[in-house]
Amino acid sequence: MDVNESMEPLSADRIEKLVKAVQAGQVEPYRAIVLHFQRRLHLYCYHMIGDRAESEDIVQEVFLRAYREIGKYRQTVSFSAWLYKIAYRLCLNALKKHKGQHRLLSLIQLQWLTAPTASSDESADGLLIGLSPEERQLVILRTLEERSFAEIAELTGSKAIALRKKFERIRKKLRKQMREEKLDERLFPGL
Amino acid sequence: MSDYSPGFEPLEHFKRDAERGAPAPVDFSERIMQRIELDSAGGSSYKAYKPKRMAIGIALIVLTVTLLCGFTYAITAGVLTIKDDAGREIMQVQSPEPIHAEQVELLDRIKRTVNNQLQQGEAAIIIMGQDDIDAVKRHEEPESYYPVFQGFSYSSTEDIPTRLVGHLNELKKLGDQVADAKLTEVELSPYLGHPNVLEPEKWVEASESGSGYPYAYYKLKPDDQAYMEDAVLSLTYRKGDSTFRLSGTYGEFTSVTVFDKNPSAERIHEVSGIPIYHTNGQDAPYLTWLEPVGDGELMYWLNSNADLKQQLRFAEAVIKAAKH
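Quick note, the sequences are listed as chains A and B, same order.
When we follow this note's numbering, the leftmost residue of the first sequence carries the number 1, and every step to the right adds one.
When we follow this note's numbering, the leftmost residue of the second sequence carries the number 1, and every step to the right adds one.
So that you can see chain B by itself, here it is in the shape it has in the complex (with noise of 0.2 Å):
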């Protein structure tokens, strides 16, 4: 902004530079109709459309599977790519960062110290780092942030206020009990937003007391709107010594990522003609899938210290559960 003065006008900036930047001119016009003439003739929907850059999946033709559910996976430079049956990637599983123990376990004291002083119904946005403090300042987006929450609880899906949860709505027709598993606990928890767009000023800087790591909370108190559609709804389930936390939240979920230390193609599962993943090597191994509501999916992650078939039979007494 180096032509700044006091008179200056920040949109007419804008403008130039948009003007100036502007991507090139891209005839459409035919990729659409082509696309349109296709779809046509093979009598489809567009349920088969699949983004332009996706069409680099052809040339790992010669590695993609089609199983018998007819959903697809392909598996490429660590990077496993899980299409459904219009072939349409939903899910892609790829190997981590490098996370050390101490960073974790920096992370885990941090989040703690924070959340003690949060009252219910209170958030807050953690950012680690001196860097990551400065641009968030800057309004800029960090490189990682960290939600907690004191979220609301309730002992009942008839307790969860149905004017909060938006599409999540689906999730309390599971019901207090799943799969011989009773309910024990839902917590709703709010989406806080961005943190670059929160005032500069209110963020909290403190720093580690174990190791002295600079570090800036932002406590927020959500309101209603957090709770829609973007609110994440966690429902707990027991059966014995087994537990089954089940997370859901809603969205337009074109792909998601999943995060594996070895993405494989032997930890897909199929329920109901729906892939589920199951992440493996990592802390806290759970299964993950997307079901298609609305518009939209949900997306479920299962958490549980039960054996990998009675997890699967949990997952499909929720894909039935949802269903019905």
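Pulled out of the complex, with its shape left as it was, chain A reads as follows (with noise of 0.2 Å):
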């Protein structure tokens, strides 16, 4: 899927030669790198959290920590898997941030609970509901971005092999999640 279809896609090293002006010191290259990552980004954070108004807040914020950060960057990875990695980094804390303050106010017995405010898993049927953010991260980079298991190694940190073996693994698990429900929808019909 071209996530990105209005844009001119950059090269890698077209991108890195952005990311070094900025380094420098000069702010208007910082906008073609925005303007390329910016829907594709959209998308990673909205199916990892599952609400389009609170996704949309996570993606400046991953812009703007990149751009106070970029100096901290180093070629070691490419400007796209640092970009990614704070991006999953704000995720999971948008993830957290609910069941924290669920889980906390029942820990100190402040009150009866009510339901948690967000992550409202409105995306895509709801099949990632069931999934950790890791292995919504993978089924995202995987499925949507059509990414190789190589390049999502260098996004994640992990290795190609293991990670074609969970994504796998994961694919069973929905497969049974589907029959499952397939199962209780012939079981209880109307529920």
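For the record, the hints were derived by calculation from the structure and aren't laboratory data.
Among these hints, one or two may not hold up.
Simulated crosslink set (DSS-like; lysine-lysine; CA at most 25 Å straight-line) [claimed, not checked]:
| no. | chain 1 | residue 1 | chain 2 | residue 2 |
| --- | --- | --- | --- | --- |
| 1 | B | K15 | A | K173 |
| 2 | B | K15 | A | K165 |
| 3 | A | K176 | B | K219 |
Combine both chains into one complex, guided by the hints.
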């Protein structure tokens, strides 16, 4: 899927040159970086947390944080991998934030708890609901962004072979989940 | 999933759904560049960055009061919002859903029943009501869930295992005496994860003996990972008849929600530049505050039977100790 269909894609070399210019103090080249990554990061964040409004907030935060910390970026990994690591971390925080509130209120027995306020899982038919953030990320990068396991390995810091195995396990898990859902539909129609 | 068949590929289905339901493209570039220019002109870092949805707070400017220490608060529709000196929302105080005393008693009874079945180091997640039981079996999020623990206890902060507590190590700095109160117990509780990812067949269903109310629980033996960043550390100190139970956890909380029957700016206190909210009108009043550590914050709760002045003195000692 071309997630940035309206954009002329930038080559990795071009991106690194833009990054160097920003590191040298220029501001405007950062706009091209934002334009290049914004759509794919938006979709990535949206599917990671399942909430439209919050995913937009996170994308903004990713770009602002990346700009603020761009001086720390070294070409030992691609800029794309570096940016996705920031995005993953912020998505993880968003997911943790809500469940953290839920959990902690319960821990100190303050009150009857109410439903979590976010993570509506409105995306893609709820298929990702039962997956951990790490598994979600793998499904998004592999299935939606159609990245190779080698690319995902660079983005996540895991080994490609381990990712391939994990992806197969997720695939089996989802198949099992769907079989059970189908069985439930047959046994308990209307539920 | 009406198009399911035995050879059906769920990820293909996911991809089709994702493409059909994708959010509309958003051009972030203009707002990002404006933000960068604005912050560069002001010579500030991005500490002042406020997420888009927080912009609604601007409409409340007439109700916003700047306090001497720099943080601000605004109150509207019964919701009190506390912001830091960079204008970033850090705490929201709102009224809770009405709670019936019978519900609280029922929950306490069920928690006690399940807790009594646990060995040290074991934990359980409790789900109450048939709707929530059915939800977790479908891998869906329940309306509510309640963790119980037989956590690890220690008699000194020196005994807290370093490798288990991550950023919570900061709490060790408090030592065994705070503001003349002596440590009596340290408890470490794990983070148990979300109930909807647990295996449906392992939930134990039961009904409460007095009321017949259905509930289910899932016993867990948390691994070391559960004690890392998401664990909760509780330290109990005593001075005379006064008990101070301080609970802390680490997270990257962009904002936290505190429940109080009557949110009021009068119960915001400031200690060393940190806003502390004192809940009131509830069964268990407490002080709560956030303290920046690393990339995130330590969130604290202080439950105590001492008067407010003593509690604030204790909180001040905690904040100062953590800064050293």
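Evaluated hints:
{"no.": "1", "hint": "B:K15 <-> A:K173", "in the structure": "holds (17 Å)"}
{"no.": "2", "hint": "B:K15 <-> A:K165", "in the structure": "holds (20 Å)"}
{"no.": "3", "hint": "A:K176 <-> B:K219", "in the structure": "holds (23 Å)"}
Checked against the numbered hints listed earlier, the structure breaks none of them; every hint is satisfied.
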